[in-house]
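Chemist: Each chain is listed here by its residues.
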Amino acid sequence: MTAVVASPSIERGGFNPRTIGMIEALLIPVGALVASAVLFSVFLLFLGKSPVTFFGLIWTGGFGSAFSIQNTLQRSAPLILTGLAFAIPARIGLTLIGAEGALVLGGFSAAAVAIPLVSGGWTPVIGLPIMALSAMAVGAMWIGLAGWLRHYRGVNETISSLLLSYIAIAIMNFFVEGALRDPASANKPSTMPIGDAYRVGSMPGTSVHWGLAAGVLLSVLLYILMSRTTFGFAARMTGGNVRAAQAQGLPVGMLVVTCCAIAGACAGLAGFFEVAAIHGQANASLVAGYGFTGILVAFLARQNPLAIIPVAILFGALQAAGGLVQRRMGMPDATVLVLQGMIFVVLLVSETFYGRIPFLQPKREGGR
Amino acid sequence: MFTSTLTRRSLLKAGAAGLAATTLPLGTARAQAPIVLGAVYVGPRDDFGWNQAHAVAMDILKQVPGITVIEEENVPETDAASQTMESMINLDQANLVLATSFGYYSPFVVETAKKNPNVQFRHAAPLWKEGDPVNAGSYFCYLNQAHYVNGVAAGLSTTSNKIGFVAAKPIPSVLSNVNSVLLGARSVNPNATVQVIFTGEWSMPVREAEASNALIDSGCDIITCHVDGPKVVIETAEARGVKSCGHNASQAPLAPKGFITGAEYKWETIYKIYADALAKGEPLPNFIAGGYHNDMLRNTAYGAGATPEAIKAADAAIKGLIVKKPIYVGPLKDNAGNVVIEGAMDNYDPVLDGMGYLLEGVQGSTT
Chain A
-12 MTAVVASPSI
-2 ERGGFNPRTI
8 GMIEALLIPV
18 GALVASAVLF
28 SVFLLFLGKS
38 PVTFFGLIWT
48 GGFGSAFSIQ
58 NTLQRSAPLI
68 LTGLAFAIPA
78 RIGLTLIGAE
88 GALVLGGFSA
98 AAVAIPLVSG
108 GWTPVIGLPI
118 MALSAMAVGA
128 MWIGLAGWLR
138 HYRGVNETIS
148 SLLLSYIAIA
158 IMNFFVEGAL
168 RDPASANKPS
178 TMPIGDAYRV
188 GSMPGTSVHW
198 GLAAGVLLSV
208 LLYILMSRTT
218 FGFAARMTGG
228 NVRAAQAQGL
238 PVGMLVVTCC
248 AIAGACAGLA
258 GFFEVAAIHG
268 QANASLVAGY
278 GFTGILVAFL
288 ARQNPLAIIP
298 VAILFGALQA
308 AGGLVQRRMG
318 MPDATVLVLQ
328 GMIFVVLLVS
338 ETFYGRIPFL
348 QPKREGGR
Chain B
3 MFTSTLTRRS
13 LLKAGAAGLA
23 ATTLPLGTAR
33 AQAPIVLGAV
43 YVGPRDDFGW
53 NQAHAVAMDI
63 LKQVPGITVI
73 EEENVPETDA
83 ASQTMESMIN
93 LDQANLVLAT
103 SFGYYSPFVV
113 ETAKKNPNVQ
123 FRHAAPLWKE
133 GDPVNAGSYF
143 CYLNQAHYVN
153 GVAAGLSTTS
163 NKIGFVAAKP
173 IPSVLSNVNS
183 VLLGARSVNP
193 NATVQVIFTG
203 EWSMPVREAE
213 ASNALIDSGC
223 DIITCHVDGP
233 KVVIETAEAR
243 GVKSCGHNAS
253 QAPLAPKGFI
263 TGAEYKWETI
273 YKIYADALAK
283 GEPLPNFIAG
293 GYHNDMLRNT
303 AYGAGATPEA
313 IKAADAAIKG
323 LIVKKPIYVG
333 PLKDNAGNVV
343 IEGAMDNYDP
353 VLDGMGYLLE
363 GVQGSTT
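Residue numbers (my numbering), protein chains in the order written: chain A, -12 to 355; chain B, 3 to 369.
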């Protein structure tokens, strides 16, 4: 998408096209962030609040201390994974918004699989990978289903993945409030706790759980997959033009379903970490909106798996600092949502600047 | 909307104080030994319900010199709750964290309490037990006593003798409120019945409106409820021209014509106990439970819907509850005909905490 700006033969402002692409990919999102910060400052001034205080608090709450940085990273961990869940299908031209359902169902399957493992006395060294794999498998099947419906039955994947999310949440509620309910969870139905031995701890020296490391690792792997392999090339080509890809004999159906399955696996893994690192059981708290925030993250990262990492950290920081803004400035919790919304809108507008920044444009040659 | 202006103004003050406290040199700040209470809410502070009840109490504490109140709303029952509590401790030096939503307790309050042994944590549901961190604890009020008063007032304000109840989930604390409304109404009006509809969710405004309308259509002329935010229920009743009784916080401004009274928490009583103990350096109680007898509940000031007889009888009922007059006096049958209560039960009898039935006189089913 970003790399294909012009054929190499055209001279553009003294830069080669690859450099131009990189400059644009950096300059435009950062410019959009600055522009939305300026817009938001105007908004704050209208409310009689100081933008300087506000952004100072965002810094303090998001990055100002070791505690704040860990708070930010912990909050960004699920967003990296759900961001990937949107970005990978987006590269093949699909708009899948069902990561929330895959996360919930993945987390639920991890908790459900854990019940016999824990009661059977299996060691966590074996049990945790089984939980993680089943979460990824279930997530992969769930989003894979949306991809399959898209390619083979022509069902709009945006609608079907959203509806599948509701079904996933209903399935979890059905079991959590019924057959798999821990009798001790009277007022908040939950599955049996997985116990301390089965909890995924924090990374050494931090209070951030391993989901962050998994997210970063997957981002790198998926970046390599999407930009440095024939699979990734075929997927991006399909995203560019399905008919052309089919004409070339590419296995479009397989590519679509695989990309969706990868996305579902990422979301399912996020669900696994929610259960194994955070809740210790599955219940309605798994439905926390990470799947939907991931869409914003992926958009801001322009579906680039590597860019998802810093963007998720930015969102984590905004959420971490949102509480501080409430407490110190007496502003409602929606403040940070307004800022996020502004960033999103400005970012969509900024998309139009790609290939249109004057000083990066080709030099006009003699009178033409 | 006096609550919102009050909140905003006092919040600004608290915010300024908080900023001043952090910019002061550490030594000075320590010398003053400020008491910082951090309140975590699951919904908006002005939801006309559970969260507002806590926020109103915190507003009262803000007026107490030497106490700084910090608040965070819309904190989900996820890891965000742990992070918020940690942030209040690390960045705002909170000494006491009040986690007000049921789902915050396990694992979030428990684990954050273990990590911060010098900070006190109190959670608004009876979940703390021996073996849990000693710096954590629970507080809880038996709101069914105030619902009993609702029932008394409703029993003498109804003409159809049918009271409608919009309930969230068929769990013990909700069932006890439904049954108490019935017993209150029956104590003054033997013909009164209660019809209950469960929505299945703590907050599901669409279903709450549907349930309210269905109850009114079936002849109920008073509507009350137990959901997180009773706003929709009370507004629907008012719009349909029937009377209403409130729940959690004051909904009186929502129903100028039909409001009778409402069951309200008086959390400030408990919060003041905590603040006093902190100021004196005494240990905080791990478990506080209360009701009318120890000033932890109130009923909303009577509205236009309450008849003079209703007001008189409800005032008398409150006097009775203050001296622990029992609500559940047997023999009582459930609505399937089984005897469930033999003799008079103390209002705080733990047996009542496991209530799984609706009494005879309540139309509805727990399943």
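Since the hints were derived computationally from the structure, they do not count as laboratory data. Heads up, a few of these hints could be off.
Dumping the calculated DMTMM-like pairs for lysine to aspartate or glutamate here, alpha-carbon to alpha-carbon at most 20 Å [claimed, not checked]: (1) B/Lys64 to B/Glu203; (2) B/Lys131 to A/Asp169; (3) B/Lys171 to B/Glu203; (4) B/Lys164 to B/Glu212; (5) A/Lys175 to B/Glu113; (6) B/Lys116 to A/Asp169.
Part of the chain B face toward chain A, derived, beta carbon under 8 Å [stated by the list, open to error]: (7) Ile37; (8) Asn92; (9) Asn97.
To spell it out: a stretch of chain A is covered by chain B in this simulated footprint if at least three of its residues, at any positions, have a beta carbon under 8 Å from a beta carbon of chain B; those stretches are [unchecked claim]: (10) 55 to 63; (11) 244 to 254.
Please read all numbers here as calculations on a predicted model, not as lab measurements. In this text, a Cβ means the ideal position worked out from N, Cα and C, and glycines have one as well.
Chemist: It remains to establish, for every hint, whether it holds in the given structure.
Modeler: Here's how the hints hold up against the structure:
1. A threshold of 20 Å between alpha carbons decides the hint, and for B/Lys64 with B/Glu203 the separation of about 33 Å lies outside it, so the pair is violated.
2. Restraint check: the Cα-Cα separation between B/Lys131 and A/Asp169 comes to about 18 Å, which is no more than 20 Å; the hinted pair holds.
3. For the proposed pair B/Lys171 and B/Glu203, the alpha carbon gap of about 6 Å is at most 20 Å, so the pair holds.
4. For a cut-off of 20 Å, the pair hint linking B/Lys164 to B/Glu212 stands: about 18 Å separates their Cα positions.
5. Annotation: proposed proximity of A/Lys175 to B/Glu113 holds, straight-line Cα distance about 18 Å (limit 20 Å).
6. For the suggested pair B/Lys116 and A/Asp169, the alpha carbons sit about 24 Å apart, so the restraint of at most 20 Å is broken.
7. Hint status for B/Ile37: violated, given a least beta-carbon distance of 15 Å to chain A, over 8 Å.
8. Checking B/Asn92 against chain A: minimum C-beta separation of about 4 Å stays under 8 Å; hint holds.
9. Taking 8 Å as the C-beta contact cut-off toward chain A, the hint placing B/Asn97 at the interface is violated, the least distance being around 15 Å.
10. Here the region 55 to 63 of chain A counts 4 residues with a CB under 8 Å from a CB of chain B, which clears the bar of 3, and the coverage holds.
11. For the region 244 to 254 of chain A, the assignment as covered by chain B is violated, since 0 residues bring a beta-carbon within under 8 Å of that chain's beta-carbons and 3 are needed.
In this structure, the hints that do not hold are numbers 1, 6, 7, 9 and 11, in rising order.
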